[in-house]
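As given, the protein sequences belong to chains A and B, one line each in that order.
Residue numbering for the first sequence follows my numbering, starting at 1 and increasing by one per position.
Residue numbering for the second sequence follows my numbering, starting at 1 and increasing by one per position.
Don't take each hint at face value.
Calculated pairs, DSBU-like style, for lysine-lysine (alpha carbon to alpha carbon, straight line, at most 30 Å) [as the list claims (entries may be wrong)]: (1) B:K270 with A:K264; (2) B:K264 with A:K270; (3) A:K270 with B:K270.
Simulated from the structure, these hints should not be mistaken for lab results.
Protein chains: 2
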Amino acid sequence: MKQVFSILALYAVLDAAPLEPAREAVAGRWITTSEITHAMLENIQPRLAFRSGVTAEEFAAWQADVRAAVKRLFVRPEYLASDRAPCLLTVERRDDCRIEKWEAYPVRHAAVRFLVLIPPHREGVRLPAVLCIPGSGQTKEQLASPGGMADFYACQGYIAVAVDHPGIGETADPAVSEEYLARQLLEMGWSWLGYSVALDQAVLDWMKTRADVRADRIIISGFSLGTEPLMVLGNLNPDVYAFVYNDFLCRTLERACVLTKPGKDGRRPKINSIRHLVPGFWREFDFPDLVAALAPRPVLFTEGGMDRDFNLVRAAFSCIHAADRVEIHHYAAFQNPASRELLEHMPERIDRDEFFRKANVEPSRHGFKRDLVRPWLKKWTDTHESDGNTLPGYSLTNG
Amino acid sequence: MKQVFSILALYAVLDAAPLEPAREAVAGRWITTSEITHAMLENIQPRLAFRSGVTAEEFAAWQADVRAAVKRLFVRPEYLASDRAPCLLTVERRDDCRIEKWEAYPVRHAAVRFLVLIPPHREGVRLPAVLCIPGSGQTKEQLASPGGMADFYACQGYIAVAVDHPGIGETADPAVSEEYLARQLLEMGWSWLGYSVALDQAVLDWMKTRADVRADRIIISGFSLGTEPLMVLGNLNPDVYAFVYNDFLCRTLERACVLTKPGKDGRRPKINSIRHLVPGFWREFDFPDLVAALAPRPVLFTEGGMDRDFNLVRAAFSCIHAADRVEIHHYAAFQNPASRELLEHMPERIDRDEFFRKANVEPSRHGFKRDLVRPWLKKWTDTHESDGNTLPGYSLTNG
Chain A
1 MKQVFSILAL
11 YAVLDAAPLE
21 PAREAVAGRW
31 ITTSEITHAM
41 LENIQPRLAF
51 RSGVTAEEFA
61 AWQADVRAAV
71 KRLFVRPEYL
81 ASDRAPCLLT
91 VERRDDCRIE
101 KWEAYPVRHA
111 AVRFLVLIPP
121 HREGVRLPAV
131 LCIPGSGQTK
141 EQLASPGGMA
151 DFYACQGYIA
161 VAVDHPGIGE
171 TADPAVSEEY
181 LARQLLEMGW
191 SWLGYSVALD
201 QAVLDWMKTR
211 ADVRADRIII
221 SGFSLGTEPL
231 MVLGNLNPDV
241 YAFVYNDFLC
251 RTLERACVLT
261 KPGKDGRRPK
271 INSIRHLVPG
281 FWREFDFPDL
291 VAALAPRPVL
301 FTEGGMDRDF
311 NLVRAAFSCI
321 HAADRVEIHH
331 YAAFQNPASR
341 ELLEHMPERI
351 DRDEFFRKAN
361 VEPSRHGFKR
371 DLVRPWLKKW
381 TDTHESDGNT
391 LPGYSLTNG
Chain B
1 MKQVFSILAL
11 YAVLDAAPLE
21 PAREAVAGRW
31 ITTSEITHAM
41 LENIQPRLAF
51 RSGVTAEEFA
61 AWQADVRAAV
71 KRLFVRPEYL
81 ASDRAPCLLT
91 VERRDDCRIE
101 KWEAYPVRHA
111 AVRFLVLIPP
121 HREGVRLPAV
131 LCIPGSGQTK
141 EQLASPGGMA
151 DFYACQGYIA
161 VAVDHPGIGE
171 TADPAVSEEY
181 LARQLLEMGW
191 SWLGYSVALD
201 QAVLDWMKTR
211 ADVRADRIII
221 SGFSLGTEPL
231 MVLGNLNPDV
241 YAFVYNDFLC
251 RTLERACVLT
261 KPGKDGRRPK
271 INSIRHLVPG
281 FWREFDFPDL
291 VAALAPRPVL
301 FTEGGMDRDF
311 NLVRAAFSCI
321 HAADRVEIHH
331 YAAFQNPASR
341 ELLEHMPERI
351 DRDEFFRKAN
361 VEPSRHGFKR
371 DLVRPWLKKW
381 TDTHESDGNT
391 LPGYSLTNG
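Could you put together the complete structure from these sequences and hints?
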């Protein structure tokens with residue numbers, strides 16, 4: 001009856017102007033798609049977000065679930081190929097260091113090149129090794145050149161391996177953007193990051209078999225964009241020894257929800273390149289959860305982030321009594337805790353500058369923090385030449 | 001030994017310039033990511049591509065597999081909400097036609113508005129109905145306005161329902177692009193098309209329950225972008241009666257593989273908006289397969305395409321003796337078969353203009369082809385007021 005009355009009432013205003021679209025139609029219901037999708041995103045509860053207060057057994061079960069989800073999101077066996085062993089292309093020398101260039105064939109149709117920097121060492125001694133993953137736009141050649149990340153590790157006595165991101169350096173095609181490549185991979189049900197990880201995984205597997213590498217002392221060092229493959233590889237490979245996370249730690253779902261302040265053109269800036277798009281990722285976890293799941297392996301954070309996120313990571317490591325394996329350094333301006341905002345949630349409708357400020361980031365000082373890495377390396381792999389040592393509990397290095 | 005020799009030989013060229021990256025490293029193996037991803041795309045064999053020569057039973061099994069894959073790719077029950085019935089907002093009159101504006105609540109946080117055009121009819125008579133899905137940038141109000149697609153169907157005696165695409169018209173937010181919305185939905189493990197279909201599905205479900213609608217005579221009419229939800233809804237809803245496909249029929253995977261000619265800036269143009277991105281879609285099927293799976297329900301194609309693709313659709317309908325349900329019209333310039341190139345494969349490295357020419361498309365004449373729809377409607381729903389008729393074999397309309 002109410003419905004009929006309503007129709008009759010409306011007949012009375014025939015030819016009246018249509019109702020103005022309300023921003024909110026009925027409580028919690030929106031007319032504009034942007035409000036709807038925003039509310040959907042905000043309401044995502046990642047299935048595998050780390051919850052503190054779990055037992056060691058519960059932690060192990062959660063970690064296994066994270067690993068399974070990482071595998072499901074990123075690994076596509078149907079595109080892999082393993083019929084061909086990696087092949088040495090060239091060898092150069094720089095000072096005492098040998099630089100090898102290799103080619104691997106891990107993915108169908110792909111020949112993937114990487115550089116290996118081998119510092120001088122006694123015959124028969126196995127060295128710890130570092131897989132160096134560059135930042136956006138950096139090439140493996142830049143990492144390997146004097147002063148680059150890989151060169152740094154080689155100078156510290158590590159076998160340093162430098163890889164390229166897809167579509168960069170030697171793998172670049174000037175006619176094809178990285179967005180385009182990411183789009184193709186997404187169409188195939190994969191992702192730019194998944195593809196990148198498949199290439200890096202082949203290099204990592206190969207490193208483990210090298211006679212001069214201590215397979216139980218392989219570190220992954222990721223700079224900027226390179227921290228993304230680091231997290232994925234770290235979760236896929238429980239045998240990786242430790243991690244250098246050289247970027248600020250970020251909740252990317254929250255970032256997408258709050259970076260909504262329109263620019264000067266009145267438009268909301270794009271989330272970021274679809275290179276970062278991994279469909280369904282946020283339904284499972286976010287970056288702090290992936291790092292938490294690396295426990296108990298040592299992680300060095302060189303460019304800070306929000307205390308909230310580090311508390312989560314520390315809580316995770318504490319579950320298995322490994323809180324001392326997390327080492328956190330903030331940007332210079334935010335080293336004093338009093339200088340940091342202790343936010344539980346980022347405010348909405350901010351721009352990138354404000355986001356960085358509240359996340360304790362100094363974008364102009366973003367760079368590889370070798371001075372923090374050096375002592376950390378010494379702490380965790382100092383005894384690398386003591387071949388007889390074993391790994392349990394990392395006690396060999398921790399005294 | 002060969003390896004060792006190779007190393008020694010290379011030592012001899014120490015400090016030589018690094019090898020020039022070969023376009024192709026070894027047979028079938030590429031260095032540049034763009035060659036690799038291109039080869040990967042080209043080698044996709046869609047799992048559910050229609051293969052002619054199957055029996056009626058095999059066809060039914062294939063059709064069920066297509067339906068299951070469509071459901072998996074597009075339907076996300078976790079984002080749906082059905083706790084609230086659609087609500088009538090306003091009623092207007094235009095000439096003899098009643099225009100209702102309704103609001104439905106099919107997806108969490110969403111209030112979704114649509115227009116219903118009801119032509120004059122005798123009390124108690126049920127009318128056939130058409131769900132009208134607009135092209136890119138068109139609004140439901142444009143479809144409903146005099147001369148629009150929905151108005152056309154209402155003038156033919158059909159209850160015509162007009163919907164909006166997400167982010168268009170009333171649902172638009174001037175600060176947020178459709179790309180942005182698509183990105184958010186992809187992040188959630190959904191897609192722009194999947195979300196769009198969820199809204200349309202609710203409207204379709206509601207149409208089926210309307211007392212003045214013949215639920216067994218519901219047609220979906222899609223213009224341009226609107227053909228995409230048409231194909232998905234058609235496969236999800238075996239009870240939809242017939243389809244007006246108002247765009248050219250296209251293999252989108254092939255299009256992405258051949259539209260690689262760089263533009264004036266030397267860059268390959270982007271594939272298209274990520275509104276069209278449905279991760280993994282091409283691994284299952286392409287548009288001609290989805291249309292083939294609509295058999296035996298009548299489909300009207302108003303803007304042609306390649307004979308190759310229509311042969312596939314006709315072959316599918318023939319499997320179940322329904323070839324006469326497919327009606328194909330080409331653009332004026334390509335109506336004479338002699339004017340059409342009978343290609344089995346599009347050539348590579350072409351631009352959009354050449355692609356359209358070879359696909360028998362006249363882009364400037366893209367528009368709703370009411371003159372083709374009118375006789376087709378008469379053919380398939382002429383007896384719509386004979387309420388007692390039943391549906392099997394569509395014999396009631398086919399004489």
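Restraint status (C-alpha distance of K264 (chain B) to K270 (chain A) at most 30 Å): holds, 26 Å
Can you confirm whether the C-alpha distance between K270 (chain B) and K264 (chain A) stays at or below 30 Å? holds, 26 Å
Hinted pair, alpha-carbon criterion (30 Å max): K270 (chain A), K270 (chain B). Please report holds or violated. With a Cα-Cα distance of about 17 Å, the restraint between K270 (chain A) and K270 (chain B) holds, given a limit of 30 Å.
Every hint, counting from the list given before, is met by this structure.
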